[in-house]
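Protein chains in written order, with the UniProt record's numbering: chain G, 1 to 346; chain R, 1 to 339.
Heads up, some of the hints might be wrong.
Below, simulated DMTMM-like cross-link-like pairs (lysine to aspartate or glutamate); rule was C-alpha separation at most 25 Å, straight line [unchecked claim]:
(1) R:Lys275 x G:Glu327
(2) R:Lys275 x G:Asp177
(3) G:Lys276 x R:Glu53
(4) R:Lys209 x R:Asp308
(5) R:Lys209 x G:Asp267
(6) G:Lys276 x R:Glu214
(7) R:Lys275 x G:Asp205
(8) G:Lys276 x R:Asp210
(9) G:Lys21 x R:Glu267
(10) R:Lys275 x G:Asp315
(11) R:Lys275 x G:Asp247
(12) G:Lys276 x R:Glu191
(13) R:Lys275 x G:Glu138
(14) R:Lys209 x G:Glu274
(15) G:Lys276 x R:Asp109
(16) G:Lys276 x R:Asp161
(17) G:Lys276 x R:Asp154
(18) R:Lys275 x G:Asp267
(19) G:Lys276 x R:Asp156
FYI, nobody ran anything at the bench for these hints, they're computed from the structure.
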Amino acid sequence: MSALLRVQDLCVRFRTMGPLKALATGTKHPFVDAVCGVSFEIRKGETLGLVGESGSGKSTVARAIMGLRPPVRGSIRFEGQELTGLTVAERKPYLRRMTMTFQDPIGSLSPRLTVRSLLSEPFRIHGLSNRDAGAETERLLRMVGLPTDFARRYPHQLSGGQARRVGVARALALNPDLIIADEPTAGLDVSVQGEVLNLFARLQDELGIAILIITHNLNVVRHITDRMAIMYLGRFVEIGPTEQIFDQPRHPYTQALLSANTEPDPDAVLNRIEIKGEVPSLMRRPSGCEFHTRCRYVQKICSSVFPETSVSPNDAKHSFKCHFPLEPETARSLQQRPPVPIGSRF
Amino acid sequence: MRRDGTAPQMSSLSLLEVRGLDLYFGTPSGGVHALRNVSLEVPAAQIVGIVGESGSGKSTLAYTVMGLLPENAEVTAGAIFFEGRNLFNMPSSARRGIRGDRLSMIFQDPMTSLNPVRSIESQMIDIQHHDRLRSRREKRARAIAMLQRVGIPDPDSRIGDYPHQFSGGMRQRICIAMALLVEPALLIADEPTTALDATLEVQIIRLLKDLQEEIGCAVLFVSHHLGAVAELCDRVAVMYAGEVVEQGTVRDIFHNPAHPYTRALLECDPGRIRKRTRTLPTIPGDVPSLLGVDGGCIFRQRCPSAFDRCRQEKPVEYRIGPEHSARCHLLSEEQKVSA
């Protein structure tokens, strides 16, 4: 299958100080590279998960794809059409086909509009106002499993889970080919989290939508994505099929991240690999392999030479950046424990 | 199994005892019955977790103990005993004397719970204001030692910094350092890891556990994260819509849940599901409105095993084990026989 979205060597840069201050303080490079040389593709109907700690650049990748933040370098192609450098008007037809749901479910809905106007807004923006707004609103509300009388409500009358559904409905309004979901489960309770994820899975099955899901919740990634990419300081350190990465992580950071999952079982024996310290500042990127300051397998070469991308010998889709990738045996030490039984009382 | 209509008999050793607490929030559309007949105990030097979803009243309970309720809150019944004294009968000056001395608290959001315009140093010295014996210099030295203990690198120079100069994880460490600096008998931690990444969360949980053992304080740990509770707590209370529906030791709750809500909650956690699945379990329905709560079981609309009695009668607390109890009609002997 051909790629729906292809991102190559994407770099996004933020300015840290004004030119005058940079001149006064003698700062030669008054920028941080929030995203640095990221390449990936998403095929039709596929789900890709983007995982990483706060500040790793996950959301910035999404915002760059949507054109909310122009990249300094790299290309973003949607069905072969280059999107970087397009004017707002030129970009508009593509924004019909790829949509985004934002992290804050209530904050991303205008508080002054009813659910009905929120849901018919995409049609107005894209010049489709001849459609019957009432009928479309009903269709969308039904699609995301909300009662149709919600159309009269305002965002403050919605719970987090309901607002999230309205956000999804809005993203679905124009039958997109790609949805970018930024932390779709953040701030939701476990019971509601399942509902939102099931909704995404159902819509994907029914409509064949590709999904780019950004999250730091590994349990979510494991269940709903086909492939996953792990980001650290704005770079992909590992990307590959989800099951394979959970089974055999090759990058030490992935391994540590996977083991940082708390277990809902008081007797779980945790082979936890604790990562020392915190994510280094983007203003002072470590030399060589950027993870070497926290890596438990660090060697001399790691602090001086940047590791090139290597490909897993048994699967060309699984690639990683590490001088000393974990061998399957080491990775296996983290292997899944047997399921936790819930005692049955009833 | 013994039918037990009263709250479990509590030992005189318990540090904190909440008995039959009822709390209303006044709103323009009437009173919201936010806590109903809540009983809970925290023994000295133990970690007790309160789990529940948003709106279950877990934070309200923590704020009630701390005495930080908003003005529209009204406690209509019940008592909270802390070190044998009823907090509600105490003059406010005495209550203030306990807060920040015997009782301290960590809040959910480390970004907003520190004063942004004052240095960490002055905030950490201020929090020791109950201590009249030590000099300012000694207090500063204690603060530095505590910062060192919670893993702030180079605390000597960083103590003069302001909150915005620290990352989120660092700020939560500072909040923990501040809360424990006064060597409280009880630390209330309200969702201390919710705003943090998974890697930081495990670090903070480990830190809390180590410090709790060192200082020997009790901890009331409020969280909606089951994994964190399982890892940290000795005892757990499960709250739903303002009621404690089940409580017991951490193993009782996680290995042998008795209340249908606890079971549903545990089953929903994707961390438990090992096999990759496309459809995750959910709890159908919504949390009921707490405006005018009627007599039946609060969970009945969403309960897979609800029957007639659940609509008519509020379940009392049934004892299941020495420390394990739950409010569910399915646990009554009569029902077990007839079902």
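Okay, which hints does this one fail, numbers in order?
-> Checked against the structure, the hints that fail are numbers 2, 3, 4, 9 and 13, while the rest are satisfied.
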